[in-house]
Amino acid sequence: MWTSILIGISTTMTILFQFIYFAFYIAYYNGHIKNRIAFFTVYIIHLVATTISINFNVVLQEKLFLKQLPFIIIICISIILLPFNIYNRKKQGQLEEQLEDANKRIAELVKQEERQRIARDLHDTLGQKLSLIGLKSDLARKLIYKDAEQARNELKDVQQTARSALNEVRKMVSQMRGVRLKEEILRVKQILKAAQIDLVTEEFTLINVSPFLENILSMCLKEAVTNVVKHSKASTCQIIIEQSWNEICITVHDDGIGIVEDQDLVKGNGLLGMKERLDFVNGSLEIISNEGTTLIIKVPNVVKQEVKEELK
Numbered sequence: 003m004w005t006s007i008l009i010g011i012s013t014t015m016t017i018l019f020q021f022i023y024f025a026f027y028i029a030y031y032n033g034h035i036k037n038r039i040a041f042f043t044v045y046i047i048h049l050v051a052t053t054i055s056i057n058f059n060v061v062l063q064e065k066l067f068l069k070q071l072p073f074i075i076i077i078c079i080s081i082i083l084l085p086f087n088i089y090n091r092k093k094q095g096q097l098e099e100q101l102e103d104a105n106k107r108i109a110e111l112v113k114q115e116e117r118q119r120i121a122r123d124l125h126d127t128l129g130q131k132l133s134l135i136g137l138k139s140d141l142a143r144k145l146i147y148k149d150a151e152q153a154r155n156e157l158k159d160v161q162q163t164a165r166s167a168l169n170e171v172r173k174m175v176s177q178m179r180g181v182r183l184k185e186e187i188l189r190v191k192q193i194l195k196a197a198q199i200d201l202v203t204e205e206f207t208l209i210n211v212s213p214f215l216e217n218i219l220s221m222c223l224k225e226a227v228t229n230v231v232k233h234s235k236a237s238t239c240q241i242i243i244e245q246s247w248n249e250i251c252i253t254v255h256d257d258g259i260g261i262v263e264d265q266d267l268v269k270g271n272g273l274l275g276m277k278e279r280l281d282f283v284n285g286s287l288e289i290i291s292n293e294g295t296t297l298i299i300k301v302p303n304v305v306k307q308e309v310k311e312e313l314k
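Each residue of the sequence shown is one higher than the one before, starting from 3 at the first, in our numbering.
These are computed hints drawn from the structure, not numbers from a lab.
Positions of the beta carbon are idealized from the N, C-alpha and C atoms, including for glycine.
Hints should not be assumed to be uniformly reliable.
[As the list claims (entries may be wrong)] The calculated label-pair distances, taken between Cβ atoms and stated as ranges, are:
| # | residue 1 | residue 2 | range |
| --- | --- | --- | --- |
| 1 | L124 | N155 | 20 to 30 Å |
| 2 | V283 | R189 | 42 to 52 Å |
| 3 | R189 | R165 | 22 to 32 Å |
| 4 | N155 | N105 | 34 to 44 Å |
| 5 | P302 | L188 | 22 to 32 Å |
| 6 | S286 | K184 | 19 to 29 Å |
| 7 | V283 | N155 | 41 to 51 Å |
| 8 | I146 | A196 | 23 to 33 Å |
| 9 | V283 | I47 | 42 to 52 Å |
| 10 | G275 | P213 | 52 to 62 Å |
| 11 | L128 | T203 | 36 to 46 Å |
| 12 | L168 | Q94 | 16 to 26 Å |
| 13 | L128 | T207 | 32 to 42 Å |
[As the list claims (entries may be wrong)] In silico lysine to aspartate or glutamate, EDC-like type, Cα no more than 16 Å apart, as pairs:
| # | residue 1 | residue 2 |
| --- | --- | --- |
| 14 | K300 | D281 |
| 15 | K131 | D103 |
| 16 | K277 | E225 |
| 17 | K173 | E205 |
| 18 | K191 | E225 |
| 19 | K191 | E205 |
| 20 | K300 | E185 |
| 21 | K300 | E244 |
Model the full assembly from the supplied sequences, consistent with the hints where possible.
Structure follows, in structure tokens:
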């Protein structure tokens with residue numbers, strides 16, 4: 003209703019007083035309409051009304067109007083383009099806000115999933131072992147005066163179980179801490195050296211990569227190198243790590259015997275686990291068997307805008 007009144011005022015002022023500049027304000031106002039149907043409806047009505055009022059003055063050959071012709075052309079272009087420009091910018095802003103909210107939600111879900119995983123690990127490993135320690139301790143206490151030898155055996159079992167539980171805790175803490183890619187490269191060097199496989203690699207620097215993503219890449223690299231050592235019979239392994247503005251790529255190539263594209267072999271080599279990890283972060287795994295084996299690991303490079311400019 004209010005927009006219709008404004009369009010009517012603008013048309014009247016253009017016809018009677020050759021004042022078309024009010025149409026620019028309406029075009030700006032139109033760009034802020036959120037509803038898509040309402041936007042196009044008002045846009046078309048305003049464009050038609052302005053075109054009619056301009057043609058009316060051109061037909062009448064109004065001198066004041068014709069003197070303003072260069073400015074009128076600019077106003078016409080603005081009326082056509084400005085609403086779409088403002089509308090699209092506002093839509094883009096809304097989409098960016100929704101994307102930011104979605105990223106926050108994903109981060110929360112990842113944290114929640116990690117908490118649940120830790121809870122399951124604690125229950126499945128420590129819970130069982132601590133229950134066993136409690137039972138054997140009670141049994142040893144009851145047997146200490148009746149059967150000292152059996153009590154000592156039970157206490158030895160308690161000691162072994164406690165050590166096993168401690169190792170499980172250390173392993174879980176190590177996994178939760180995560181592994182940096184450069185740390186994994188150092189471990190890879192040791193593994194390949196022990197297997198008498200030469201490593202060819204170059205220095206690399208990853209900019210603004212989250213620890214979570216880097217940990218996934220490290221686990222995938224570890225699995226890839228393990229496959230090289232176990233199955234490739236290679237003498238050389240080449241690792242290339244690259245970061246562009248839109249993705250991170252790790253290439254692992256060996257000069258071994260290659261692999262047969264067989265589902266059971268892929269599962270046995272742990273490649274299925276790599277694919278599952280990469281799917282979780284929208285990554286991909288490509289396997290090429292030609293003069294050896296090449297594994298290409300790619301993940302999206304989710305970084306801040308200013309860092310993207312540096313990487314381009």
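Each hint, compared with the structure:
At roughly 28 Å, the beta carbons of L124 and N155 sit within the given window of 20 to 30 Å. Against the hinted window of 42 to 52 Å, the Cβ-Cβ separation of V283 and R189 comes to about 22 Å, which falls outside the hint. Remark: the range hint 22 to 32 Å for R189 to R165 is upheld by a beta-carbon distance near 25 Å. Look at N155 against N105: about 56 Å separates their beta carbons, and that is not inside 34 to 44 Å.
For the hinted restraint 22 to 32 Å between P302 and L188, the CB-CB distance of approximately 26 Å keeps it satisfied. A C-beta distance of roughly 23 Å is found between S286 and K184, which places it inside the suggested range of 19 to 29 Å. Separation of V283 from N155 is about 49 Å and conforms to the stated range, judged on CB atoms against 41 to 51 Å. Between I146 and A196 the C-beta distance comes to about 47 Å, which lies outside the given range of 23 to 33 Å.
At about 48 Å, the beta-carbon gap between V283 and I47 stays in the expected band of 42 to 52 Å. At roughly 20 Å, the beta-carbon separation of G275 and P213 lies outside the given 52 to 62 Å, and the hint is violated. Look at L128 against T203: about 38 Å separates their beta carbons, and that is inside 36 to 46 Å. For L168 paired with Q94, a C-beta distance near 54 Å fails the hint of 16 to 26 Å.
The beta-carbon spacing between L128 and T207, approximately 39 Å, falls within the hinted interval of 32 to 42 Å. Restraint check for K300 and D281: the C-alpha separation of about 10 Å stays at or below 16 Å, so the hint holds. With a CA separation close to 41 Å, the supplied pair K131 and D103 exceeds the 16 Å bound. A C-alpha spacing of about 11 Å is found between K277 and E225, which places the hinted pair at or below 16 Å, so the restraint holds.
At roughly 29 Å between alpha-carbon atoms, K173 and E205 are farther apart than 16 Å, so this suggested pair is violated. Under the criterion of a C-alpha separation no larger than 16 Å, the hint pairing K191 with E225 is consistent with the structure, at around 14 Å. For a cut-off of 16 Å, the pair hint linking K191 to E205 stands: about 13 Å separates their Cα positions. In summary, the hint linking K300 to E185 is not supported, as the alpha carbons are separated by about 19 Å, beyond the 16 Å threshold.
Note on K300 and E244: the hinted pairing holds, with a Cα-Cα distance of about 10 Å set against a maximum of 16 Å.
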